[in-house]
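Starting from the known structure of chain P, arrange chains Y, E and V on it as the hints suggest.
There are 4 protein chains.
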Amino acid sequence: MSNTEDALLLDAAPSAPDEAGQHQAVNHGYTSNKDAYLRRLKRIEGQVRGIARMVEDDKYCIDILTQVAAVNKALHAVSLGLVEEHIGHCVVGAAAEPDASVRADAIDAKVKEATDAIGRLLR
Amino acid sequence: MSNTEDALLLDAAPSAPDEAGQHQAVNHGYTSNKDAYLRRLKRIEGQVRGIARMVEDDKYCIDILTQVAAVNKALHAVSLGLVEEHIGHCVVGAAAEPDASVRADAIDAKVKEATDAIGRLLR
Amino acid sequence: MSNTEDALLLDAAPSAPDEAGQHQAVNHGYTSNKDAYLRRLKRIEGQVRGIARMVEDDKYCIDILTQVAAVNKALHAVSLGLVEEHIGHCVVGAAAEPDASVRADAIDAKVKEATDAIGRLLR
Amino acid sequence: MSNTEDALLLDAAPSAPDEAGQHQAVNHGYTSNKDAYLRRLKRIEGQVRGIARMVEDDKYCIDILTQVAAVNKALHAVSLGLVEEHIGHCVVGAAAEPDASVRADAIDAKVKEATDAIGRLLR
Chain P
1 MSNTEDALLL DAAPSAPDEA GQHQAVNHGY TSNKDAYLRR LKRIEGQVRG IARMVEDDKY
61 CIDILTQVAA VNKALHAVSL GLVEEHIGHC VVGAAAEPDA SVRADAIDAK VKEATDAIGR
121 LLR
Chain Y
1 MSNTEDALLL DAAPSAPDEA GQHQAVNHGY TSNKDAYLRR LKRIEGQVRG IARMVEDDKY
61 CIDILTQVAA VNKALHAVSL GLVEEHIGHC VVGAAAEPDA SVRADAIDAK VKEATDAIGR
121 LLR
Chain E
1 MSNTEDALLL DAAPSAPDEA GQHQAVNHGY TSNKDAYLRR LKRIEGQVRG IARMVEDDKY
61 CIDILTQVAA VNKALHAVSL GLVEEHIGHC VVGAAAEPDA SVRADAIDAK VKEATDAIGR
121 LLR
Chain V
1 MSNTEDALLL DAAPSAPDEA GQHQAVNHGY TSNKDAYLRR LKRIEGQVRG IARMVEDDKY
61 CIDILTQVAA VNKALHAVSL GLVEEHIGHC VVGAAAEPDA SVRADAIDAK VKEATDAIGR
121 LLR
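Chains as they are written, first to last, in the numbering used here: chain P, 1 to 123; chain Y, 1 to 123; chain E, 1 to 123; chain V, 1 to 123.
Isolated chain P, as found in the complex (with noise of 0.2 Å):
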C-alpha cells in the first residue's frame, strides 16, 4: 500500500520543536502511555480498512454500519483518554504556574482549550 495518500492529510515533520508555551514539557499527558494508544489507532485503522474491504466484497449495509459503530466507539476511547490526560497534565500544569500573576490566565486558556475540543467531540 503506498504512502502517497497519507501525505495529502497531514504533515509528518518529525518532531518539530513545540510552540513556546502551548505545553509545560515534550512530555504529554498521553506520552506514558504512547505505546497503548499506537496499538490502539493501528487497530483502529485495521477496522477502517476492513469496512473499504466490505464495501468492496459488496457485503451487506448494515453489517457495515455495525463496523462503523464500533470504529466510532474506538475513537471516542482513544478521545477519553486523550482528554483525561490532557486535563491532569496540561491543565493541573497551568494551575502549578508559580507565577500567580499570569496563573489564572494560564488556567483559563487551559480549561478553555480542553472544553473546545471536547464541544468538537461532541458534535
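Source of the hints: derived by calculation from the structure; they are not laboratory data.
Treat the hints with caution; some may be incorrect.
[Claimed, not checked] In the BS3-like style, the derived pairs of lysine-lysine whose C-alpha atoms are separated by at most 25 Å in a straight line are:
(1) Y:Lys73 to P:Lys73
(2) E:Lys112 to Y:Lys73
(3) E:Lys73 to V:Lys73
(4) Y:Lys42 to Y:Lys73
(5) P:Lys34 to V:Lys112
(6) P:Lys42 to Y:Lys42
(7) E:Lys59 to E:Lys73
(8) P:Lys59 to Y:Lys34
(9) V:Lys73 to V:Lys34
(10) P:Lys112 to Y:Lys112
(11) V:Lys73 to E:Lys59
(12) V:Lys42 to E:Lys59
(13) E:Lys59 to E:Lys42
(14) V:Lys42 to V:Lys59
(15) V:Lys73 to P:Lys112
(16) E:Lys59 to V:Lys112
(17) P:Lys42 to Y:Lys73
(18) V:Lys42 to E:Lys112
(19) E:Lys34 to E:Lys73
(20) Y:Lys59 to V:Lys112
(21) E:Lys42 to E:Lys73
(22) V:Lys59 to V:Lys73
(23) P:Lys34 to P:Lys73
(24) V:Lys73 to V:Lys42
(25) Y:Lys112 to E:Lys34
For chains Y, E and V alone, kept in the frame of chain P given last:
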C-alpha cells in the same frame, strides 16, 4: 505495512455469497457509489494513520483531539450515506414485495434492522 | 402524578388538519403509540425541571452532568422510536404510491428527509 | 404546577450540605452563572413541553425530530458549560491543595470524575 492486523479484525473472505433473504439482490444500495465510498474510506484510513503519527511525534494533545473529531465527522458522513441507501433500497425493496402475505413482516424486519443500526450510531 | 401539568398538554387544539402533501394521512407512524410518547416526554420534562432544581440547590456539577446525560439518552430513545415509525409509515407509504410516474420521486424525497433528520440527531 | 412528578425523578432536598471532600466549597464552578443556567434549563423544559404538544397535535414526525435535535443541541451547550466550569474550579481547586501528600490523589480523583462525566455525554 503488513496485512496481519487486518486479519484479526474482519474475515476478508472474497465476496462470499450473501445469506438468503438478507437482501433483495447482490446490488446493494451503495453499489452505484462504491468507488466514492472506497475513496472516502481510504481517506479516513489515512487520517487515522496520521493521528498515529501525531502521537508518535509527540504532537499536542488538543491537536490530536481535533483530528479525532474530524475522523468522527467523516465516519458520520459515510454512515449517513449508507443509511440513506439502505432505506432507499432495502426497506423500499421490502415494500415492493409482491406477495402481500409476507410483505408487512419483510418491511418490519428491514425497518427494525435500520433503526437498530441508527441506534448504534447514536450511542 | 397530578393532573395539573397534563392539563397543559390536553388543552392543545385537537388534531389540526395536516398540510397538504406532507404525508399520506393524518395517521402518522407514531399515532398508535401517542400515549406512550406523551408519557416519555412528560418524564423528560420532569427530568429537565429536576436538573434546574439541582442548579438552584447548588448540587455538585458532576451529579448534574449525570442527569443531563440521562436526559440525552431518554431523548435518543424517543428519536429512534420516531425514526422507526417514520421509515415504516412515511417511506413505506411513498413506496406504495400506485402512480408509478411519481413513486420514485416520492420515495427519494421521503428517504432524503429521513436521512437529513437522522443526520441532525447524529451531530 | 404540582411538584409531585418531580419527586419521582430527583430528590429535591433543599440545599443539603455537600459531602465532605467532594468539592472545595459550596461555591461551585457554575454558581456565578446560576441565573443563566436556570434560564437555559427553563427554556429547554419549554422546548420539551412543545415537543409533547406536537405529538398531541399529530404534527409531522420529521418536524418533531428537528425539535428533538434542537433540545439535544441545547443540552450539549449546557453540559459543555458545566464541564468547563468543573475543570476550571474543581480540578484546578484540587491542584491548589497545599498538602502535597494528598494533592496528586485529589487531582487524579477529580480528573477521573470529569472524564467519566464527559464519557457519559459522548455515549
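Hint numbers the structure violates, sorted upward? Structure breaks hints 10 and 18.
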